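Below, each chain spelled out in residue letters.
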Amino acid sequence: MPEETLSAADRAAILRDSLGVGVATGAYGVSFGAVSVAAGLSVAQTCALSLAMFTGASQFAFVGVLAAGGTPLSGGLTALLLGTRNTLYGLRLAPLLRWRGARRLLAAQVLIDESTAMSMTRPTTAAARVGFLGTGVSIFVLWNVATFLGAIAGSTLGDPRSYGLDAAVGAAFLALLWPRLTDLRNRLVALAAATVALGIVPVSPAGVPVLAAAGVALLAGVLTRQPDPTEFPGPPR
Amino acid sequence: MTWAAILLAGAGCYLLKLAGLSVPPRVLQRPVAERVADLIPVALLAALVAVQVFAQGRHLVLDARAAGLAVAVGLLVLRAPFLVVVFGAALTAALLRL
Numbered sequence: 001m002p003e004e005t006l007s008a009a010d011r012a013a014i015l016r017d018s019l020g021v022g023v024a025t026g027a028y029g030v031s032f033g034a035v036s037v038a039a040g041l042s043v044a045q046t047c048a049l050s051l052a053m054f055t056g057a058s059q060f061a062f063v064g065v066l067a068a069g070g071t072p073l074s075g076g077l078t079a080l081l082l083g084t085r086n087t088l089y090g091l092r093l094a095p096l097l098r099w100r101g102a103r104r105l106l107a108a109q110v111l112i113d114e115s116t117a118m119s120m121t122r123p124t125t126a127a128a129r130v131g132f133l134g135t136g137v138s139i140f141v142l143w144n145v146a147t148f149l150g151a152i153a154g155s156t157l158g159d160p161r162s163y164g165l166d167a168a169v170g171a172a173f174l175a176l177l178w179p180r181l182t183d184l185r186n187r188l189v190a191l192a193a194a195t196v197a198l199g200i201v202p203v204s205p206a207g208v209p210v211l212a213a214a215g216v217a218l219l220a221g222v223l224t225r226q227p228d229p230t231e232f233p234g235p236p237r
Numbered sequence: 001m002t003w004a005a006i007l008l009a010g011a012g013c014y015l016l017k018l019a020g021l022s023v024p025p026r027v028l029q030r031p032v033a034e035r036v037a038d039l040i041p042v043a044l045l046a047a048l049v050a051v052q053v054f055a056q057g058r059h060l061v062l063d064a065r066a067a068g069l070a071v072a073v074g075l076l077v078l079r080a081p082f083l084v085v086v087f088g089a090a091l092t093a094a095l096l097r098l
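Top line first, the protein sequences correspond to chains F and X.
Counted from 1, the first sequence has number 59 at position 59 by the numbering used here; the numbering is strictly sequential.
Counted from 1, the second sequence has number 62 at position 62 by the numbering used here; the numbering is strictly sequential.
Please keep in mind that the hints were generated in silico from the structure rather than gathered at the bench.
As the structure is a computational prediction, the values presented were derived from the model and not from experiment.
Any given hint could be a false lead.
Which stretches of chain X does chain F cover? Using the computed rule of at least three CB atoms under 8 Å from a CB of chain F, they are [stated by the list, open to error]:
| hint | region |
| --- | --- |
| 1 | 6-15 |
| 2 | 57-69 |
| 3 | 78-89 |
Glycine is no exception: its CB is placed at the ideal position from the N, C-alpha and C atoms.
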């Protein structure tokens with residue numbers, strides 16, 4: 001990895017892009033906040049999720065499972081399973097970012113889809129770090145502020161169903177899944193997983209159908225060969 | 001119980017991120033492990049969409065949420081931003097319930 005320093009102009013350009021992604025992504029913390037209180041969590045619990053978990057799909061999954069009547073345990077397990085992709089991102093980014101000690105401990109919290117997308121294509125460590133931190137930190141701040149505002153708004157709205165917030169959760173999951181559906185195998189896995197989950201809804205406690213669908217991923221991963229071209233998130237739009 | 005799950009799952013998600021930045025890369029260089037890990041988000045998100053939209057407790061139902069999802073698909077095809085997709089689906093379901 002070349003060690004050359006970053007020119008002020010390059011640095012400013014990367015920061016500008018990163019902040020743009022940060023604003024766009026952070027804003028949808030409003031929808032998380034609103035959906036979370038609609039699922040029955042308190043404002044404090046909602047904010048704790050955004051601060052501590054800080055990975056959107058896992059947070060939506062946690063409150064989604066609870067909203068469907070699942071136990072906090074199955075919600076937590078689903079969130080953890082979805083959080084495993086951040087481990088893969090970290091494995092690929094570690095040689096590029098090259099942080100150690102306290103900096104690595106702090107940087108880890110903002111290792112998410114968007115900070116990965118905005119740093120993994122950079123040619124140097126210096127540029128990757130600017131993209132990673134510019135995106136990660138701006139999303140962290142805005143996501144948490146937006147979560148709080150959404151939770152406050154959601155808790156003063158009354159019945160969430162009359163605002164369609166229950167429909168918003170499914171749409172949020174679909175939007176998170178959408179970029180991965182350009183690949184045929186992923187489409188088949190998604191279809192099979194949805195079918196398995198719906199098939200056991202009538203015979204299992206809430207939360208279990210989603211966890212059972214992870215078995216489809218296991219089976220497909222063992223039985224197929226080719227790598228996944230959509231494995232990494234592209235730059236968010 | 002909910003608080004415990006929030007804090008434990010939150011700590012777990014943090015450790016998953018930190019592990020990626022800390023563990024030697026060869027740990028996940030077994031292709032099967034890598035493929036499974038790649039496919040888990042696809043399977044879980046698809047299952048979450050299905051359950052969130054078509055399940056009510058232990059019953060399968062077709063209601064305003066399905067119309068919301070259909071609108072979300074249309075908006076995604078049109079490359080609408082995340083917030084537009086999410087609130088478009090909510091608005092559709094809300095209007096149908098008036």
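Hint-by-hint comparison with the structure:
1. With 9 residues having a beta carbon nearer than 8 Å to a beta carbon of chain F, the region 6-15 of chain X meets the requirement of three or more and the stated coverage holds.
2. Beta-carbon proximity to chain F at under 8 Å applies to 9 residues in the region 57-69 of chain X; the threshold of 3 is reached and the given coverage holds.
3. Using a Cβ-Cβ cut-off of 8 Å, 9 residues of the region 78-89 of chain X lie near chain F, which meets the minimum of three, so the contact claim holds.
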